[in-house]
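There are 2 protein chains.
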Amino acid sequence: MRKINVGLIGFGNIGCGAVKILQQRKSLLAQKIGIEIAVKKICDKELTLKRDVTVNKDCLVREADEIINDPQIDIVVELIGGINPAKEFILAALKKGKHVVTANKALLAEHGNELFSVASERGKNIYFEASVGAGIPIIKSIKEGLVANKFNSIFGIVNGTSNYVLTQMSRENCSLASAIKSAKLKGFAEKDPTLDIEGIDSAHKLVLLTYLAFGRIVALKDIFIEGISHISASDIAYAKDLGYEIKLLAIVKKEGNELEVRVHPTFLPSEHLLSSVDGVFNAIYVSSDLAGELMFYGPGAGQLSAASGVVSDIVDLTQDIKAGLFRPTLNSIDDSSIKGLRQIGEFENKYYIRIMAVDKPGVLAKISGILAKFGISIASVTQKERLKSQVVPVVMVTHEVKEKNLRGALKMIGKLSDIKEKPVAIRIEGV
Amino acid sequence: MRKINVGLIGFGNIGCGAVKILQQRKSLLAQKIGIEIAVKKICDKELTLKRDVTVNKDCLVREADEIINDPQIDIVVELIGGINPAKEFILAALKKGKHVVTANKALLAEHGNELFSVASERGKNIYFEASVGAGIPIIKSIKEGLVANKFNSIFGIVNGTSNYVLTQMSRENCSLASAIKSAKLKGFAEKDPTLDIEGIDSAHKLVLLTYLAFGRIVALKDIFIEGISHISASDIAYAKDLGYEIKLLAIVKKEGNELEVRVHPTFLPSEHLLSSVDGVFNAIYVSSDLAGELMFYGPGAGQLSAASGVVSDIVDLTQDIKAGLFRPTLNSIDDSSIKGLRQIGEFENKYYIRIMAVDKPGVLAKISGILAKFGISIASVTQKERLKSQVVPVVMVTHEVKEKNLRGALKMIGKLSDIKEKPVAIRIEGV
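If you read the sequences in order, they're chains B and S. The numbering used here puts the first residue of the first sequence at 1, with every later residue one more than the last. The numbering used here puts the first residue of the second sequence at 1, with every later residue one more than the last.
What the hints contain is simulated information worked out from the structure, not anything from laboratory work. A few of these clues could be false.
[Claimed, not checked] No farther apart than 27 Å at their CA atoms in a straight line, the calculated lysine-lysine pairs in the DSS-like style are these:
#, chain 1, residue 1, chain 2, residue 2
1, B, 143, S, 20
2, S, 143, S, 339
3, B, 3, S, 143
4, B, 96, B, 322
5, S, 411, B, 240
Keep in mind the model is a prediction, meaning the values are calculated, not measured.
All chains should be modelled from the sequences, with the hints used to inform the complete structure.
Now the structure itself:
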């Protein structure tokens, strides 16, 4: 039986998971694909750490070069994360004629153009199933399962930490801080959860989903990113009253000949399937022109789940290697009907607005007047319970409005003397 | 650019869809895979019918043999449905060295062993993505995306017609007959919807899901199949009261060293994601040991949706052909830890039971006595509103009980003089 050698760079949590699976499922995989997959070398800076998998000491190395320069290694798996030196390792591996598997969404999001173009020049493949939704086969599904489709939009809950926090706030009616504390206790959030809570991790994954569906790597700076740190328990409660759930969504949408690419908390109708995706689970809702509306759901993180995606990439590469297949373009047909990215000010959405106003006659008239001036029409207004402070939340839902008009109006409203906090606005989708 | 020729047998609804996609996406697909896919011949008994796609008249033929015996055709797509002559056509095509794409779940369910073994002998692949969940890439996901996983269970809503009927009954609080009528009006049910309503179509798909997850073709006669024709509006209403939805599920579950394979209406907790799958949509909920709990959701039928799956199979075959890849075993590793199928009497479930009893003292005591005699313990009992007829529904939820015990008890209860209808029992899952 033919043997294909894998070199693993990064022997952390997911790396251990991948080795475990390749050990335990060695004969199952060999039966399925007719190839023996051998982990020839594993590289990590720290080799003395106790790990939950046992490997032959001979295969452990401290320098990535020992893998990159090993002519017997066909597939390099990069699992160290971060930009440098992961990028250098992957580039060097490609240049040495190796195929690459990675779960490094930050790296691909920031340097995808360079990495994919070097891979293409060298006739090598970079696979990255575990970089979005861990073991959910979303990359393969978009690339291969929906190969003939054009896409209208993708809505993703792609960050388990922030989804856990929002779910917790909704279920326990608690504050963001207390939900984050709970997430940390359960191991669902890192010590510093900024990347998750502020939507950066979701944006990295969105870059990859956009690449798969529309064929282009969008620069992070061109994506509108808003996290969930300003979401309050009361917004979640009002959302429910109005028939919505709040979810942090990564959205790419084709609107006319432009692409909207954005990450932000979103009001979703409670009956929308994405609204039922709770806790650390991820789900990617894909609107395609042939296969219709699809959703892919599963755990968005976890050692074995992510490693399952990594191993499926390795298996696919063994088939490519056996066949001499190079698939550079399968995920990179740039949709030429797209002329550019829509600027945030031009986005059109319905909005939920919460304005904390002094409860006295004439305030609502002033607010309404400003909204009217900006051409914003209101679908519903509710003045919530009077608080001790005499400041009451005025909750509104707008009809479709351009973002720049909404921003203009809220800025002006925020300056009124009777307005006591910066007005909150959350976009409404799926209605 | 290399050209690969496809021959299509069956120019009906899905066939037209496939041709439409292959025409309209010809250059997109060629860019992606570096191969031109050409529909060289299309066979149908009826060639004068007006169709919603225009093809060159020269490629239309009346006899499948003209495709099967054409040495320039590499891929035969069978879309006529039914057992004969579809089976003969596929066997002949394989023997002539062609790869096969089919959406024919009934044929694969009933003759899969023979067809897959002939394919294997000849080194040819049979792909069947559109046979379960139309364009949802569920087959590819289980086979390739989850290639390293072992499976605990699969729960599928795989028949859009029956799911529409149950959704309609639940939303409109209407009878089965009226929901079926509505389904027919909307084109969601055939004139004779027996195969859908009685669970046969779901069972066909379940055979294929079981094959993919556990490596064996289970005979239809060994599957417990119960449809939804006995479900009443009141059962759906009581389900809601108890916090459940009723769904027709196709279930395969590994229990110890046995496999449970069954199709039946099921009480699912309302908060289970499958409970939110409404109307003609399908969803397959997969429990895997590495990637965890996954769900794949989308339209379960429709011309372009099914054709999207067919075309993805054709594209995969072009890659196999280019590479000389034969993948016989990818979906046929028989799990040797499975010793056999569990007999229906040995299934263990919680149950919802509805007994129509005359409302007089002592009846509940008789019922409870019989249940106790069969070792069935009750989690809750509700005696519903008194009806004019003095017959009231007694609604019970049991703890886990063996099916044979439950059947024995219900048979005895049904014979009581105070019981006016055959007792209804519905299995509860996912709790």
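So, going through the hints one by one against the coordinates:
1. B:143 / S:20: holds (20 Å)
2. S:143 / S:339: holds (22 Å)
3. B:3 / S:143: holds (21 Å)
4. B:96 / B:322: holds (18 Å)
5. S:411 / B:240: At roughly 46 Å apart (the allowed maximum being 27 Å), residue 240 of chain B and residue 411 of chain S break the hint.
Of the numbered hints given earlier, the model fails hint 5 alone.
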